[in-house]
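Under this note's numbering, think of the first position of the sequence shown as 21, with each following residue one higher.
Hints are computed from structural coordinates only; laboratory data are not their basis. Ideal Cβ positions, reconstructed from N, Cα and C, are used throughout, including at glycine. Among the clues, some could well be false.
Claimed, not checked - What follows is a set of in silico ranges between Cβ atoms, one per label pair, in the way DEER data are often shown:
no., residue 1, residue 2, range
1, Leu28, Arg112, 18 to 26 Å
2, Thr57, Thr114, 15 to 23 Å
3, Ser45, Ala101, 17 to 25 Å
4, Asp99, Asp31, 36 to 44 Å
5, Ser45, Asp99, 31 to 39 Å
6, Phe52, Pro30, 16 to 24 Å
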Amino acid sequence: RFVGVSRLRPDLLNTTGAIVSSLPSFEAPAVFRAYGTLYILGSHLSGWNPNPLRLYRARGASLSDPDPRFELVGNPTFDAASFATQPTQVVRTTDGSNN
21 RFVGVSRLRP
31 DLLNTTGAIV
41 SSLPSFEAPA
51 VFRAYGTLYI
61 LGSHLSGWNP
71 NPLRLYRARG
81 ASLSDPDPRF
91 ELVGNPTFDA
101 ASFATQPTQV
111 VRTTDGSNN
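From just these sequences and the hints, can you work out the full model?
Next up, the structure:
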């Protein structure tokens, strides 16, 4: 088992095939780019039991790079468990100063 990342075809009806399949299994992946780096945020596989989140970062700036492998950054919440939640998307916020 693994998490695979792929591009959608222009018609959005299928994929072009797996580009990255080196990630271990986890649930509810949310893919996003921040400051030119690709990230995937997901949840451990433990059924209904609470568990920590996992954040992965790509080595390259794009999935088209020769080696788009992801490395584990860690748990961005620093909590032992993310109770009653799993990521589905990442929302950009600002502090009002355009930062």
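Verification of the hints:
Taken as a hint, the range 18 to 26 Å holds for the pair Leu28 and Arg112, whose Cβ atoms sit roughly 21 Å apart. Checked against the hint of 15 to 23 Å, the pair Thr57 and Thr114 passes, with Cβ atoms roughly 19 Å apart. Evaluation of the 17 to 25 Å hint for Ser45 and Ala101 yields a pass: the beta carbon distance comes to about 18 Å. Separated by about 41 Å at the C-beta atoms, Asp99 and Asp31 satisfy the suggested range of 36 to 44 Å.
At about 21 Å, the beta-carbon gap between Ser45 and Asp99 misses the expected band of 31 to 39 Å. Separated by about 22 Å at the C-beta atoms, Phe52 and Pro30 satisfy the suggested range of 16 to 24 Å.
In this structure, the one hint that does not hold is number 5.
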